[in-house]
Amino acid sequence: MIGRAALVLFLALSSAALAVNPDEILADPAQEARARAVGRDLRCLVCQNQSIDDSDAGLARDLRIIVRERIKAGDSDSQIKDYLVGRYGDFVLLNPPFKPATWLLWLGPLVLAAIAAMVALAFYRRAGRRAPERPLSEAEKKALEALIKDQG
Amino acid sequence: MRHWKYILPLVIFAVLVGFFVRGLDLKPAEVPSPLIGKPAPALNLKPLLDTKPGLADADLKGGLVLVNFFASWCGPCRIEHPLLMDIAAKKIVPILGVNYKDKPEDAKAWLANLGDPFAKIGVDFDGRTAIDWGVYGVPESFLVDANGIILAKQIGPMMQKDWNERFLPKIKERSK
Amino acid sequence: MIAEIGHYALVLALFVALIQAVLPLVGAQRGDAAWMAVGSQAALALFLLVGAAFGALTYAYVVSDFSLANVAQNSHSAKPMLYKISGVWGNHEGSLLLWVTILAVFGLAVAAFGGNLPPRLKARVLSVQAMISTGFLLFILLTSNPFARLAQPPFDGNGLNPLLQDPGLAFHPPFLYLGYVGFSMAFSFAIAALIEGRVDAAWARWVRPWTLAAWCFLTLGIGLGSWWAYYELGWGGWWYWDPVENASFMPWLAGTALLHSAVVVEKRDALKTWTILLAIVTFSLSLLGTFLVRSGVITSVHSFASDPARGLFILAMLVATVGGSLVLFAVRGPALKGGGLFAPVSREGSLLLNNLLMSTAAATVLLGTLYPLFVDALGGGKVSVGPPFFNAVFVPLMVPMVLAMAVGPLLSWKRGDLAGVLMRLKLALALAAAAAALAWLVMGGQPKTLAASGGLALAAWLFVGTLVEFAGRLLLFRAPLAESWTRLRALPGAAWGMAITHASMAVLIGGITGSSAWMEEKIQVMKVGETVMLAGHEVTLTNVRDERGPNYLAQRGTFVLKKNGQTVVTLEPEKRSYRQPPRPTTETAIHTTFWGDYYTVIGDADGQGGYVVRLYFNPMVAWMWVGILMMTLGGIVSLADRRHRIGAPVRKRAAQPAAT
Numbered sequence: 001m002i003g004r005a006a007l008v009l010f011l012a013l014s015s016a017a018l019a020v021n022p023d024e025i026l027a028d029p030a031q032e033a034r035a036r037a038v039g040r041d042l043r044c045l046v047c048q049n050q051s052i053d054d055s056d057a058g059l060a061r062d063l064r065i066i067v068r069e070r071i072k073a074g075d076s077d078s079q080i081k082d083y084l085v086g087r088y089g090d091f092v093l094l095n096p097p098f099k100p101a102t103w104l105l106w107l108g109p110l111v112l113a114a115i116a117a118m119v120a121l122a123f124y125r126r127a128g129r130r131a132p133e134r135p136l137s138e139a140e141k142k143a144l145e146a147l148i149k150d151q152g
Numbered sequence: 001m002r003h004w005k006y007i008l009p010l011v012i013f014a015v016l017v018g019f020f021v022r023g024l025d026l027k028p029a030e031v032p033s034p035l036i037g038k039p040a041p042a043l044n045l046k047p048l049l050d051t052k053p054g055l056a057d058a059d060l061k062g063g064l065v066l067v068n069f070f071a072s073w074c075g076p077c078r079i080e081h082p083l084l085m086d087i088a089a090k091k092i093v094p095i096l097g098v099n100y101k102d103k104p105e106d107a108k109a110w111l112a113n114l115g116d117p118f119a120k121i122g123v124d125f126d127g128r129t130a131i132d133w134g135v136y137g138v139p140e141s142f143l144v145d146a147n148g149i150i151l152a153k154q155i156g157p158m159m160q161k162d163w164n165e166r167f168l169p170k171i172k173e174r175s176k
Numbered sequence: 001m002i003a004e005i006g007h008y009a010l011v012l013a014l015f016v017a018l019i020q021a022v023l024p025l026v027g028a029q030r031g032d033a034a035w036m037a038v039g040s041q042a043a044l045a046l047f048l049l050v051g052a053a054f055g056a057l058t059y060a061y062v063v064s065d066f067s068l069a070n071v072a073q074n075s076h077s078a079k080p081m082l083y084k085i086s087g088v089w090g091n092h093e094g095s096l097l098l099w100v101t102i103l104a105v106f107g108l109a110v111a112a113f114g115g116n117l118p119p120r121l122k123a124r125v126l127s128v129q130a131m132i133s134t135g136f137l138l139f140i141l142l143t144s145n146p147f148a149r150l151a152q153p154p155f156d157g158n159g160l161n162p163l164l165q166d167p168g169l170a171f172h173p174p175f176l177y178l179g180y181v182g183f184s185m186a187f188s189f190a191i192a193a194l195i196e197g198r199v200d201a202a203w204a205r206w207v208r209p210w211t212l213a214a215w216c217f218l219t220l221g222i223g224l225g226s227w228w229a230y231y232e233l234g235w236g237g238w239w240y241w242d243p244v245e246n247a248s249f250m251p252w253l254a255g256t257a258l259l260h261s262a263v264v265v266e267k268r269d270a271l272k273t274w275t276i277l278l279a280i281v282t283f284s285l286s287l288l289g290t291f292l293v294r295s296g297v298i299t300s301v302h303s304f305a306s307d308p309a310r311g312l313f314i315l316a317m318l319v320a321t322v323g324g325s326l327v328l329f330a331v332r333g334p335a336l337k338g339g340g341l342f343a344p345v346s347r348e349g350s351l352l353l354n355n356l357l358m359s360t361a362a363a364t365v366l367l368g369t370l371y372p373l374f375v376d377a378l379g380g381g382k383v384s385v386g387p388p389f390f391n392a393v394f395v396p397l398m399v400p401m402v403l404a405m406a407v408g409p410l411l412s413w414k415r416g417d418l419a420g421v422l423m424r425l426k427l428a429l430a431l432a433a434a435a436a437a438l439a440w441l442v443m444g445g446q447p448k449t450l451a452a453s454g455g456l457a458l459a460a461w462l463f464v465g466t467l468v469e470f471a472g473r474l475l476l477f478r479a480p481l482a483e484s485w486t487r488l489r490a491l492p493g494a495a496w497g498m499a500i501t502h503a504s505m506a507v508l509i510g511g512i513t514g515s516s517a518w519m520e521e522k523i524q525v526m527k528v529g530e531t532v533m534l535a536g537h538e539v540t541l542t543n544v545r546d547e548r549g550p551n552y553l554a555q556r557g558t559f560v561l562k563k564n565g566q567t568v569v570t571l572e573p574e575k576r577s578y579r580q581p582p583r584p585t586t587e588t589a590i591h592t593t594f595w596g597d598y599y600t601v602i603g604d605a606d607g608q609g610g611y612v613v614r615l616y617f618n619p620m621v622a623w624m625w626v627g628i629l630m631m632t633l634g635g636i637v638s639l640a641d642r643r644h645r646i647g648a649p650v651r652k653r654a655a656q657p658a659a660t
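Protein chains in written order, with the numbering used here: chain A, 1 to 152; chain B, 1 to 176; chain C, 1 to 660.
Think of the hints as simulated: they come from the structure by calculation, not from any bench.
Among the hints, erroneous ones may be present.
[Claimed, not checked] Simulated crosslink set (DSS-like; lysine-lysine; CA at most 25 Å straight-line): (1) B:Lys-27 / B:Lys-161; (2) B:Lys-153 / B:Lys-61; (3) C:Lys-522 / C:Lys-562; (4) C:Lys-414 / A:Lys-141; (5) B:Lys-27 / A:Lys-99; (6) B:Lys-153 / B:Lys-46; (7) B:Lys-153 / B:Lys-172; (8) B:Lys-52 / B:Lys-5; (9) B:Lys-52 / B:Lys-108; (10) C:Lys-414 / A:Lys-142; (11) B:Lys-172 / B:Lys-61; (12) B:Lys-27 / B:Lys-52; (13) B:Lys-46 / B:Lys-61; (14) B:Lys-101 / B:Lys-172; (15) B:Lys-38 / A:Lys-99; (16) B:Lys-5 / C:Lys-337; (17) C:Lys-414 / A:Lys-72; (18) B:Lys-91 / B:Lys-61.
With the hints as constraints, model all of the structure from the sequences given.
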């Protein structure tokens, strides 16, 4: 654990500089593009908050190669992710799946926005009740003018 | 309570602090294994030493075993090594060694130097077996029962405390 | 000896801070002018003492005094002088010392320039500042003493991580801290206002410049960090939604909201309670960042070595500072009543919308950053929240924000005319549509181009909308040019500042969109003499040779970039191996143009005469850096507004001597 704790201190960054290597790249550009997209969603476990695409750690490289092998073998993106989730758990996914444990995460921003909207609504409603000096609408102005004319 | 709105920020903050207090004791860098309680992945590795066999799936079906991933270049492996030697000497449970991404000659010298606690040692040269087992660094150890089910996992060096609290009770329970 | 003086100065500073925390506060309560006046003198003493401590540590770094544990761990005699000095704040203890030093500078600034503040307010502000100082000084002295001596000093130091030996990063932390700590001013003013039970336009006028200054520093600090990541890490990324980045981004979002809500308080005497809360939250988020980075609660790529004892201490400080202020808010907040009224469609309404979106954004970032902790603490296992999440939720929040940014400034106060404003923005709408269409056509209609087209349309909308607003102020093309010129010269700094910052946001969005959508990369093995095509240019590796730097060895590659056979530029990236600590780094070589950066990295030799190279074309990246610089500049211009100038009311008073 000691060694791993020390890892967190910048080391991950320093090794990050050379991620995807030429010898890993697939010949088929479409497959390679898929591998990149998948790689960006997978967390490099040893270096914490980096994707395997951004990391030079040995494990990240192994995982990149596995992703590419699976793509070549015809696996779908979700099959590849499932394979790794089966071994490392949801932790390996940088894009957390939508499930009970992450409902609050994914719906949170919506809830927050809704709260913000409600606060604004309440604010304006209260302001509306307190507003005695609301300017007159066109119709009201006309009505007022008509009244004045009548009296005058 | 007319002024509940003004108390709300304080309440939210208090909840956050609760999580932070809890968080100070958590290990955010440790990845729990989804394999616990599930059948151990395949294990077919060539032997490291001429004198000891390598590893095969059958090795996980004979009784309780401790599968330990180690490497000569790994500092923390040295920390747990005396404990592994002790476990082997007391014959508590056989230890199956998986030599992770190592040079065979280095591994041999390391074992000759520090002692060899392993019943069998397989060579995981490209680290594939480790990934199958959900290993993300060495050392890591798995306790596997006679049916090949993973009972417990240690991430990082096995310390006496971990061994006594999480591994020994399970071993005693099974060997009753 | 000097280190001991530094340590002693810190101890003395703690006592001075305690005096400054207590006496002025009590004095303000009792109306005792002498006790209140202690605040200013104490602030000066505190500054001198903390400054002395900071100077002592800097001196130890400059002369490489390895008998100090801190210097031995983080410096090395062969390091260039700039990095010896920046090494002072490149570690936990030193960075905390920088924190309190900056805190003392701000405290001194209140004492020195706060002559026009009501004495009670000033005394209370200084007292709150000193309370924060006390906490940090205790933290340093009890858990993180930078002056600890080693019994057996090593012959040389461990050195600073070579990645950090970089000009961009040398200045990144100081600016960041100037921002974080600068927000303590708004916080102290908010607490003082809560104690006093009064918030008015004058209060907002005092708070705004401080907040604005802090915001400028923070903007520049974040920008420097991002820029550093871009050119130093070697794969062209500039923002990773890492917890540490988020820790700096949350106060920025909250601070931006605060700047806008303070305008409403100043002009219309509304949103007072909300502004007070924002001031508290903004600084709280700064403190939270400190906690997250140093406690080990959240995993991050870059964080200080964590220590549970320190984590507990910062948490205690967080509870005291934030908890204390929120209790005060709960008790005194309801007393801050009323204010001007306005309709949803109005200038104030748009500023409120900004606040709601910014706060939601800040809360969202907080949620994403802390979510792994929440799940783990509740026994739900480990989850990761990475860039895909943040991008997915952040963009939808920013779109309405940017749409409104062009509209808001055109609305009048109290009640605006949305239809009329939209008529004035016809040009912006047309150009936005044109930008989107152009992007779509030029880049070929792929699905990912759709998002990029949208991004560029937003950028064009905001930029042109801002210009329309600015031109409107000058009555450009509606009045004679001479009159527009006169109006231009009379335009207040705040108007300039707003136009520049809003336009800078457009430039920034353009850069983010371009660099995210159309990046081109070539990762391959190249032999000397080989040529590859990159974004319509021929890139030839002409040479690779070894170089020797002051504390590293380097392998330097030479790339010649040609367009149609004409040499455009020669780029020389390096792969360096530092001696102490022994660690490789990549030094990219970048050719920046208006439309994009040609970004080259040289890697290891493959043993067969080839080298691993990474060549990128990163479109419009320079727009981001220009955008951030413009944003900072806009803040500074606004800060220079005469109405904000701290001495302005004093001069007014001096002009009417008869009154006193």
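**Q.** Numbers of unmet hints, in rising order
**A.** 8, 12, 14, 17
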